[in-house]
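**Q** Protein chains in written order, with the working numbering: chain A, 1 to 352; chain B, 1 to 352.
Heads up, some of the hints might be wrong.
For chains that are exact copies, the list does not tell them apart, and a pair is met inside one copy or across any two.
[As the list claims (entries may be wrong)] With a Cα cut of at most 20 Å, we get these calculated SDA-like pairs of lysine to any residue:
1. K146 with R345
2. K293 with P224
3. K235 with E253
4. K33 with A83
5. K293 with R173
6. K293 with D71
7. K235 with I209
8. K235 with T255
9. K62 with H36
10. K33 with G258
11. K33 with S97
12. K293 with E78
13. K293 with R281
14. K235 with P260
None of these hints come from the bench; they were simulated from the model.
Number of protein chains: 2
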Amino acid sequence: MSDRIVVIGGGPAGLEAAAMAGRLGAPVLIVEKRSHLGGAPIAESYAALTHGLQSAEELMGKMMAAATDLDRVEVRTESEVVAMSGTGGNFTVTISSNGSEETVDAGAIVLATGFQHFDPGRETQQYGYYEFPDVITIQDAEGMLKEETFVTPSTGKPPERVAFIQCVGSRDRQIGNEYCSKVCCGISSKQAIEVRQQVPDARVFIFYIDMRMYGYWENEIYWPAQEQHRVNYVKGIVTEVLAKNGRLIIRGEDTTMGRPMEVPMDVVVLAVGMEPSPGTRHMADILGIATNKYGFVETVHDVLDTVTTAVAGVYVCGSATGPADLDDTISSAGSAGAKAVAYLRSGAEVPA
Amino acid sequence: MSDRIVVIGGGPAGLEAAAMAGRLGAPVLIVEKRSHLGGAPIAESYAALTHGLQSAEELMGKMMAAATDLDRVEVRTESEVVAMSGTGGNFTVTISSNGSEETVDAGAIVLATGFQHFDPGRETQQYGYYEFPDVITIQDAEGMLKEETFVTPSTGKPPERVAFIQCVGSRDRQIGNEYCSKVCCGISSKQAIEVRQQVPDARVFIFYIDMRMYGYWENEIYWPAQEQHRVNYVKGIVTEVLAKNGRLIIRGEDTTMGRPMEVPMDVVVLAVGMEPSPGTRHMADILGIATNKYGFVETVHDVLDTVTTAVAGVYVCGSATGPADLDDTISSAGSAGAKAVAYLRSGAEVPA
Numbered sequence: 001m002s003d004r005i006v007v008i009g010g011g012p013a014g015l016e017a018a019a020m021a022g023r024l025g026a027p028v029l030i031v032e033k034r035s036h037l038g039g040a041p042i043a044e045s046y047a048a049l050t051h052g053l054q055s056a057e058e059l060m061g062k063m064m065a066a067a068t069d070l071d072r073v074e075v076r077t078e079s080e081v082v083a084m085s086g087t088g089g090n091f092t093v094t095i096s097s098n099g100s101e102e103t104v105d106a107g108a109i110v111l112a113t114g115f116q117h118f119d120p121g122r123e124t125q126q127y128g129y130y131e132f133p134d135v136i137t138i139q140d141a142e143g144m145l146k147e148e149t150f151v152t153p154s155t156g157k158p159p160e161r162v163a164f165i166q167c168v169g170s171r172d173r174q175i176g177n178e179y180c181s182k183v184c185c186g187i188s189s190k191q192a193i194e195v196r197q198q199v200p201d202a203r204v205f206i207f208y209i210d211m212r213m214y215g216y217w218e219n220e221i222y223w224p225a226q227e228q229h230r231v232n233y234v235k236g237i238v239t240e241v242l243a244k245n246g247r248l249i250i251r252g253e254d255t256t257m258g259r260p261m262e263v264p265m266d267v268v269v270l271a272v273g274m275e276p277s278p279g280t281r282h283m284a285d286i287l288g289i290a291t292n293k294y295g296f297v298e299t300v301h302d303v304l305d306t307v308t309t310a311v312a313g314v315y316v317c318g319s320a321t322g323p324a325d326l327d328d329t330i331s332s333a334g335s336a337g338a339k340a341v342a343y344l345r346s347g348a349e350v351p352a
Numbered sequence: 001m002s003d004r005i006v007v008i009g010g011g012p013a014g015l016e017a018a019a020m021a022g023r024l025g026a027p028v029l030i031v032e033k034r035s036h037l038g039g040a041p042i043a044e045s046y047a048a049l050t051h052g053l054q055s056a057e058e059l060m061g062k063m064m065a066a067a068t069d070l071d072r073v074e075v076r077t078e079s080e081v082v083a084m085s086g087t088g089g090n091f092t093v094t095i096s097s098n099g100s101e102e103t104v105d106a107g108a109i110v111l112a113t114g115f116q117h118f119d120p121g122r123e124t125q126q127y128g129y130y131e132f133p134d135v136i137t138i139q140d141a142e143g144m145l146k147e148e149t150f151v152t153p154s155t156g157k158p159p160e161r162v163a164f165i166q167c168v169g170s171r172d173r174q175i176g177n178e179y180c181s182k183v184c185c186g187i188s189s190k191q192a193i194e195v196r197q198q199v200p201d202a203r204v205f206i207f208y209i210d211m212r213m214y215g216y217w218e219n220e221i222y223w224p225a226q227e228q229h230r231v232n233y234v235k236g237i238v239t240e241v242l243a244k245n246g247r248l249i250i251r252g253e254d255t256t257m258g259r260p261m262e263v264p265m266d267v268v269v270l271a272v273g274m275e276p277s278p279g280t281r282h283m284a285d286i287l288g289i290a291t292n293k294y295g296f297v298e299t300v301h302d303v304l305d306t307v308t309t310a311v312a313g314v315y316v317c318g319s320a321t322g323p324a325d326l327d328d329t330i331s332s333a334g335s336a337g338a339k340a341v342a343y344l345r346s347g348a349e350v351p352a
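Take the sequences, apply the hints, and build the full model.
**A** Below you can see the structure in the form of C-alpha cells.
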C-alpha cells in the first residue's frame with residue numbers, strides 16, 4: 001500500500017488537486033507533459049481570466065506556488081505516464097522523462113489532463129481559418145490581448161470592426177460535438193470587452209445562438225459588455241466568411257430580424273469549443289477508465305459524484321470530464337484531490 | 001484547538017461536505033433546521049434530478065447514508081446555529097434545538113444553507129401566481145411529477161397545453177436580480193420531458209430568452225426534449241398571463257417571428273430563480289462573512305477559490321454562494337469539507 005498520489009497534468013485542475021492532497025498530508029507527484037506548469041492559461045498566454053477578469057499569469061502563479069511550496073509535492077515536467085499496473089492502493093506508474101523511464105508506486109491517481117480547442121480547419125472550413133490571416137481563434141485573440149496589441153493580423157493596424165462567431169465546433173451534430181462547450185460565450189464576451197478597451201474606436205459584434213452567460217456571468221460580464229462597453233450582440237447564424245476587396249465579409253442570417261446579412265469585418269474571432277486533449281484520451285486508455293462518445297472521461301453515475309471513476313483509486317477533475325469553466329475546475333479538483341486522500345486513509349475501502 | 005467541523009445545513013452541499021470531512025477523519029456535526037436531511041430535493045419533493053434524470057429520493061438517500069453511516073458524523077435536526085464566537089481553530093458555536101441551547105466547540109465551519117425559490121407573487125404579479133390556480137412554479141410541478149399526477153390543478157384533468165415561462169425572478173433589473181439562476185432552463189426542460197411522458201397528448205411550450213443548456217445539458221436534455229419528446233421551444237417574452245373563458249391566456253412577443261402572441265394554455269409553469277435562503281442571509285450575519293448585493297455569500301477573490309471566505313476557518317459551498325447546479329454543489333461541497341480539514345490539520349495556518 002502506497003500513500004503517494006500521482007496527479008497527471010499540471011494545469012489549474014492538477015495544481016488544485018495536488019495542493020489539496022498535499023495540505024491533507026499526502027505525498028504528491030505531479031506529472032506534466034509540458035516544460036512548465038500552469039496548463040492552458042500559461043501555454044496559450046491567456047490575458048484576464050473569465051470570470052473575475054484578473055491576470056491569468058498572476059493567478060496561475062499563485063496556484064503553482066500553492067502546490068509547489070508544499071514539501072510533499074514533487075513535480076516532473078516534460079514527463080509522461082506511459083504505463084500503469086496494479087490496483088487501487090497499489091498502483092505502479094511508469095513515467096517517461098526525456099527518454100528515460102522510472103516507475104513509482106502510487107496509492108491513488110488523479111487525472112487532470114484537460115481539454116484542447118476544436119481545430120476550426122477541420123470541418124468548419126467555411127470560416128476560412130487556414131485561408132485568411134484575419135480569421136483567428138479565441139486563443140489567438142488571448143495572446144494579442146495579453147500583449148495589449150490587438151490588431152488586424154494582415155495589416156498590423158487596429159481593426160475597425162471585429163466579429164466573434166460562437167459555437168464553432170460545439171452544438172454541432174455534423175462534426176459530432178452535440179454538447180455545448182460552456183465557456184465560449186463568457187470568454188468571447190470578456191475578450192470583446194478587452195478589445196473595446198484596447199481599441200476604443202473598434203465596433204465589436206458577437207454572433208450567437210443562445211448567450212450562455214449563466215449565473216454571475218450575466219451580471220458581471222454580459223450586462224457590462226452591452227451597457228458600458230457597447231458590444232453588439234446579434235442573434236444570428238454565420239454560414240460563411242469570405243474575402244472581398246481586402247476585407248472579410250461574413251454572411252449568414254440575423255435570426256431576430258429574420259433577414260439575411262452580409263457584413264464587412266476586419267477581424268473574425270472563432271469561438272472554438274472544447275474537446276478532450278490528446279492526453280485525456282491517451283491516459284484514459286492507459287488507466288483503463290471509460291470515456292463517453294466524445295472522448296471525455298466518464299465518472300460514476302449511480303451517485304451524485306463529479307470526480308470518481310469506475311476504477312477504484314482513480315479520480316478525475318476539470319475539463320478532462322467535459323466542458324468546464326474555471327470555477328468548475330477548481331471545485332472538482334479540490335474534491336478529487338481530497339477523495340484520493342480519503343480513499344487511501346480508509347484502507348482503500350471508501351465507497352464512491 | 002478543536003478538531004470538530006460544524007456543517008450548517010443538511011442538503012446536498014452539507015451532506016457532501018460532511019461525508020468528505022468525515023472520511024478524512026474529522027469529527028463532524030451537521031446542524032439542520034428542518035426535521036429531516038436532504039435539503040430542497042427532499043423538502044420540495046423533487047422528481048428526477050437534473051441532469052442524469054435519476055430519482056431524487058433515491059440519490060439523496062444515498063447521500064444521507066454516505067454521511068450518516070460514518071461514526072464520526074453526528075446530526076442535529078430541528079436545530080439552528082444562533083451564535084458563534086472565537087476564531088478559526090477555536091470557535092464556540094451555540095445551537096438551539098427545540099428551545100434548549102447547547103454550545104459546542106468547532107475548529108472550522110462549513111456553511112451549506114443553500115437557496116430559496118424566488119416568490120413569483122412579489123414583483124412579477126403579471127403572471128398571476130396568487131390569482132390563478134393553474135399558474136404554478138417549477139417546485140409545484142416537481143411535486144406533481146414525482147407523484148406522476150401532472151394535472152390542471154383547477155380541474156384535476158390532464159392538461160392539453162402547458163407553458164413554461166423562463167427567467168421569472170432572474171435576469172431582471174426591475175426586481176434587483178440581474179444574475180441568471182443557471183439551473184431553470186435545465187429543470188424546465190427536464191420537467192417538460194416528464195410532462196410529455198406522463199401526459200402524452202399534452203403540447204408543451206417553453207418560452208425563453210436564451211436556452212442556457214450548457215455543457216452536457218445540451219446533448220443530454222435539450223436535444224432529446226426537442227427531437228424525442230417534441231417540446232416546443234419559443235424564443236419570446238411573456239408579458240402577461242390572463243384568464244379567459246376558464247382558460248389561461250399568455251400574452252407577449254415571439255421574438256424570432258417578430259410578432260405579438262396570445263396563446264391559450266391550461267397550465268403555466270413559472271421557472272422561478274434562486275435567491276439566498278433566509279438561513280444563508282442569517283448565518284452570514286452570525287458568522288460575520290460578507291455577502292454580495294444579492295445576499296449570497298462571497299468567497300475570496302484574489303485567488304482561484306470557490307469555497308474560502310474572508311473569515312479564517314469558515315468555508316462555504318453549494319448555492320449559498322450563488323446559483324449552482326447539483327454538479328457545482330457536489331464539487332464545491334467536497335472541496336469545502338476537505339479545506340476545512342486541511343485548515344485544522346496544518347494548525348490553522350493554511351493559506352486560502
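**Q** Take the hints in turn and mark each one as holding or not.
**A** For each hint, the structure was consulted:
With identical chains, the CA atoms of K146 and R345 are never at most 20 Å apart, being 43 Å at best within one copy and 39 Å at best between copies. For the homomeric pair K293 and P224, the shortest alpha-carbon distance between copies (16 Å) is at most 20 Å, but the shortest distance inside one copy (37 Å) is not. Proximity of K235 to E253 under the C-alpha cut-off of 20 Å is found in both arrangements, the shortest distances being 9 Å within a copy and 16 Å between copies. For the homomeric pair K33 and A83, the shortest alpha-carbon distance inside one copy (14 Å) is at most 20 Å, but the shortest distance between copies (50 Å) is not.
In this assembly of identical chains, the alpha carbons of K293 and R173 lie at most 20 Å apart only when taken from the same copy (12 Å versus 41 Å across copies). In this assembly of identical chains, the alpha carbons of K293 and D71 never lie at most 20 Å apart, being 40 Å within a copy and 40 Å across copies at closest. For a Cα distance limit of 20 Å, the shortest separation of K235 from I209 qualifies both inside one copy, at 6 Å, and across copies, at 11 Å. With identical chains, the CA atoms of K235 and T255 are at most 20 Å apart both within one copy (6 Å) and between copies (11 Å).
For the identical chains of this complex, K62 and H36 are intra-copy neighbours only, at 14 Å inside a copy versus 41 Å across copies, given an alpha-carbon limit of 20 Å. Proximity of K33 to G258 under the C-alpha cut-off of 20 Å is found in neither arrangement, the shortest distances being 49 Å within a copy and 52 Å between copies. In this assembly of identical chains, K33 and S97 lie within 20 Å of each other by CA distance solely inside one copy; the values are 9 Å within and 54 Å between copies. Taking the closest pair of Cα atoms, K293 and E78 never come within 20 Å of each other, the shortest separation being 29 Å inside a single copy and 46 Å across copies.
Only within a single protomer do K293 and R281 lie at most 20 Å apart by alpha-carbon distance; the minimum there is 11 Å, versus 43 Å between protomers. In this homomeric assembly, K235 and P260 come within 20 Å of each other (Cα to Cα) both inside a single copy, at 12 Å, and across copies, at 19 Å.
In this structure, the earlier hints numbered 1, 6, 10, 12 are contradicted, and the remaining ones agree with it.
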